[in-house]
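Taken in sequence, the protein lines are chains A and B. Numbering (the numbering used here) for the first sequence: 2 to 530. Numbering (the numbering used here) for the second sequence: 2 to 530.
These are calculated hints, taken from the structure and not from any lab test. Just to be clear, a hint being listed does not mean it is correct.
Same chains, same names: a pair is fine if it fits in one copy or spans any two.
With a straight-line cut-off of 30 Å between C-alpha atoms, the simulated DSBU-like cross-links for lysine-lysine are [to be verified]:
| hint | residue 1 | residue 2 |
| --- | --- | --- |
| 1 | Lys483 | Lys502 |
| 2 | Lys284 | Lys75 |
| 3 | Lys334 | Lys502 |
There are 2 protein chains.
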Amino acid sequence: MDRRELLKGSAAAVASILSPVGAEAAVKSVATAGKVERWGVFELELNGPSHGNPFVDVTLTAHFTQEHRTVAVKGFYDGDGLYRVRFMPDAEGVWSYTTASSAAELNGKTGHFACAPASEGNRGPVTTANRFHFIYADGSPYSPFGTTTYSYLFATDTNAAVSLEGMRGYFNKSRVCVLPKPLGNNGPELLPFPRSGEGKDATNDYTHFNPAYFRLVEKRILELQGAGIEADCILFHPYDAWGYKAMPNGADDFYLRYVVARFAAYRNVWWSIANEYDLVKTKSMPDWDRYFRIVQAEDPYGHLRSIHHSQVIYDHSRPWCTHASLQSWDFEKSAARREAWNKPIVYDEIQYEGDVDRRWGNLAAEEMVRRFWLATVRGSYASHGEVFRAEETGPHAHEPSWSDAGRLRGDSAAKIRFLHEVIAKYARTGLNEFENSYYLSAGKEGELYLWYFDYHRPSRYDFPLPNTAIFEAVLLDPWERKETKLQGSFTGKSRVDLPGKPYQAILFRKTAEVKGKPTGQVAGPEVMD
Amino acid sequence: MDRRELLKGSAAAVASILSPVGAEAAVKSVATAGKVERWGVFELELNGPSHGNPFVDVTLTAHFTQEHRTVAVKGFYDGDGLYRVRFMPDAEGVWSYTTASSAAELNGKTGHFACAPASEGNRGPVTTANRFHFIYADGSPYSPFGTTTYSYLFATDTNAAVSLEGMRGYFNKSRVCVLPKPLGNNGPELLPFPRSGEGKDATNDYTHFNPAYFRLVEKRILELQGAGIEADCILFHPYDAWGYKAMPNGADDFYLRYVVARFAAYRNVWWSIANEYDLVKTKSMPDWDRYFRIVQAEDPYGHLRSIHHSQVIYDHSRPWCTHASLQSWDFEKSAARREAWNKPIVYDEIQYEGDVDRRWGNLAAEEMVRRFWLATVRGSYASHGEVFRAEETGPHAHEPSWSDAGRLRGDSAAKIRFLHEVIAKYARTGLNEFENSYYLSAGKEGELYLWYFDYHRPSRYDFPLPNTAIFEAVLLDPWERKETKLQGSFTGKSRVDLPGKPYQAILFRKTAEVKGKPTGQVAGPEVMD
Chain A
2 MDRRELLKGS AAAVASILSP VGAEAAVKSV ATAGKVERWG VFELELNGPS
52 HGNPFVDVTL TAHFTQEHRT VAVKGFYDGD GLYRVRFMPD AEGVWSYTTA
102 SSAAELNGKT GHFACAPASE GNRGPVTTAN RFHFIYADGS PYSPFGTTTY
152 SYLFATDTNA AVSLEGMRGY FNKSRVCVLP KPLGNNGPEL LPFPRSGEGK
202 DATNDYTHFN PAYFRLVEKR ILELQGAGIE ADCILFHPYD AWGYKAMPNG
252 ADDFYLRYVV ARFAAYRNVW WSIANEYDLV KTKSMPDWDR YFRIVQAEDP
302 YGHLRSIHHS QVIYDHSRPW CTHASLQSWD FEKSAARREA WNKPIVYDEI
352 QYEGDVDRRW GNLAAEEMVR RFWLATVRGS YASHGEVFRA EETGPHAHEP
402 SWSDAGRLRG DSAAKIRFLH EVIAKYARTG LNEFENSYYL SAGKEGELYL
452 WYFDYHRPSR YDFPLPNTAI FEAVLLDPWE RKETKLQGSF TGKSRVDLPG
502 KPYQAILFRK TAEVKGKPTG QVAGPEVMD
Chain B
2 MDRRELLKGS AAAVASILSP VGAEAAVKSV ATAGKVERWG VFELELNGPS
52 HGNPFVDVTL TAHFTQEHRT VAVKGFYDGD GLYRVRFMPD AEGVWSYTTA
102 SSAAELNGKT GHFACAPASE GNRGPVTTAN RFHFIYADGS PYSPFGTTTY
152 SYLFATDTNA AVSLEGMRGY FNKSRVCVLP KPLGNNGPEL LPFPRSGEGK
202 DATNDYTHFN PAYFRLVEKR ILELQGAGIE ADCILFHPYD AWGYKAMPNG
252 ADDFYLRYVV ARFAAYRNVW WSIANEYDLV KTKSMPDWDR YFRIVQAEDP
302 YGHLRSIHHS QVIYDHSRPW CTHASLQSWD FEKSAARREA WNKPIVYDEI
352 QYEGDVDRRW GNLAAEEMVR RFWLATVRGS YASHGEVFRA EETGPHAHEP
402 SWSDAGRLRG DSAAKIRFLH EVIAKYARTG LNEFENSYYL SAGKEGELYL
452 WYFDYHRPSR YDFPLPNTAI FEAVLLDPWE RKETKLQGSF TGKSRVDLPG
502 KPYQAILFRK TAEVKGKPTG QVAGPEVMD
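Extracted from the complex, chain A is given alone in its bound form (with noise of 0.2 Å):
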């Protein structure tokens, strides 16, 4: 059988392609549903032993090759005595494995499957690019447009179905706990480990994982993934009714490398080391560290990895950290922040639109999307969250907020929507601030210019384009969504009437280069036309 028919193979062909060979037949099943694509899934199920603590007790191991190169990927246990391994092949061919276990039964079994193109919507993982910004692992642009539902991943069934709703569409990166939240009367129904006694007398066994809450996570992993939606994986945080802020050193790492083994294989995950991580008063700055050091060992992938703060923001320069994560929306440290990192910056949280009376959680719907312009302009990156009072009666009475895996009820989002929409058709690989700009403006130099003017409204202004290219104009208006595209074309310092309102903005895009010498600067429409 040659590569290209195997190229071809649905799951059905694939696993009558591994079935006859040698220890093959030990295979129990191709979890992946269908055929296994490029930046897909590729699982392998084995049956392997129960007996003693498989979590701790049974190593597994299997190396995944394709001409020159191997993948060494872990695997996990799942109760019942079954054993997994996922791998997300990055190329398309063939692909063989074997396995190395501390279990004789898991241990030696190879076996090889083929890997499909991506189909529609599969553009990989996301990774950083061009120093302040971020890609598809297939070249496609992506810019982070996130939101914050931090109960999404253990959030019941309804609960959540209603929160992905909201997403589709809206944002492309959500904030998602790993460890549950409380959550009063929505959950969690589920538990990561197991837990006895009562009240003030319980206790977590750290030595075990309780799978069926993983599986619920992996669950909603893929429904992100389905959503076009990377899930930015909180792996710990202070909001905890249960302990799990305050495992032993052991216990954390042993949660890390579970959960790394179990969702590495999906290509939306993002690794979040915390939330708050300042507030989590148990752990030193060693430990953040160390987390670090473990999931990125831990990753056959290298996932984007980073922390997020409350008051204390994290070093994001360490090695170990691919962008910054803030909580904060003083966007005009952005560029002290880029040369001292040198890496993208996502203001992961610029307080949420709402109405409760923490300052953190009531912003009128403008000042967020102000919010997320200001970010652009400054050639960062920014996330949305929400939290409304709970209603009390009704049919939405006492259902979680946004950000707990809730409705969406402000009216920011289809704003956000608008400013994604401006910079995927005009600035596919991102905006750089220009410094020294007199008003706040980003862009490319001699190819685009973004300007944003904030609460200026200038009725009309000399905007400073190069001579060497001539560009179109498209006037901005970010709550109205507006977008209207102005007569002629503009070359060198170009004078534009402005609306005479605040939170404006107009972008100028090259469209074709000035030939021969520079004739100094040409005023706009009139001489260009």
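Keeping the supplied structure of chain A fixed, place chain B upon it in accordance with the hints.
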């Protein structure tokens, strides 16, 4: 003639009282029209030598005495052989005086006059009070709600009338330049120093003054006074077309002494040593300090003194500086500034409402109003400014902008007046910031609480009122200029439903003490009404 009769005396009566007494025959007239009142002006006009250079050659001082007090007041030469001494009496009753001069004709003149009670609307000069606030000399409250009309003092009558009409009722202070600014077709018509030659070869004679220029300025100061507006007189500034920002040191000092001698008797004068002093590159910090000390030494009344910066904040802790006059809108630094300076803080430029292309000149009215509220709840004060592009056709073509003494065109002034009315009604002795308040608030502990929510919009909030008093509450809508008194009364932690829109405020005012021992936190209207 007893004191009572003197107090009743009309101008004519006062003149007749003065005329028969000794050397008083030499007094040509008492220029003050009508009676001399407390914090009014008694003006002594004397004929003296006109040969040589009287500005330089002749010294003239009058000592005004009432009971145990004697105030030394310098006179000045007003041209045409006329010398004047202006005195602002701060106490009712009879004052006598004696002149001392290097010119025999002006020396040893004596007389007396009666000072009547201040008339309606005359509350005396403003001074600092209660550490961080201001007060009129008669003890009535004064909170600066200022504006900026730089060219008012030397504007044409037409423009000045338009400007004054705009200020009247809206503002109680204006920043005005004593030295001229270039105004294109709009003046100035007069200059303070004799000038000869043309264009680049023109030179100023800094040994003489042009009295007509200063008489115009005085007329304007009195117009402001008549409208209840403090004249925040800017003594130096960088907007110069004649060389005045680079006069020799001796000329600077000569000018300051002349100005103080001429203007100090006007109760509504404040001294602003400079506007954007740090943009006057010809001067060094010791120069600015010296100007302060000259003004302080020459002014018998201790009018308010400050200095206004562009980039480099002056050390307002210096003893000759009575309050801070800042160009910034970083109100969050007010607490640190109060700590450092222990003086009132006026944010005298917080950018301008308008539509010009410069960043400082195109705020929307909403943002200007927001900044006033922010300054207020930071326990400080702010000044308005406005600059719209000049109209090119029509009845208002080529008029100066508001800031150069033109027409008021923006929308913020009326909204600022609303805040002024709130402060005048509820917070007569000034608001101090509650630095640990969860939302921005200011007031007086146990008596008055003003919260401003800025971009926050909690739908309700538990206000942490003390339980030692009972309060009434008023919702304030800064933009709609609406005061809504809430039903009931409040004490202790008090839950109030809020309008759910940003930029709202609420004020609580004590109406009664709680009798007996505090009974703990008692919730709002339900129980107390």
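Evaluation of the provided hints:
no.	hint	in the structure
1	Lys483 - Lys502	both (14 Å within a copy, 24 Å between copies)
2	Lys284 - Lys75	within (27 Å within a copy, 72 Å between copies)
3	Lys334 - Lys502	both (26 Å within a copy, 29 Å between copies)
Violation of the numbered hints given earlier is absent; every hint is satisfied by the structure.
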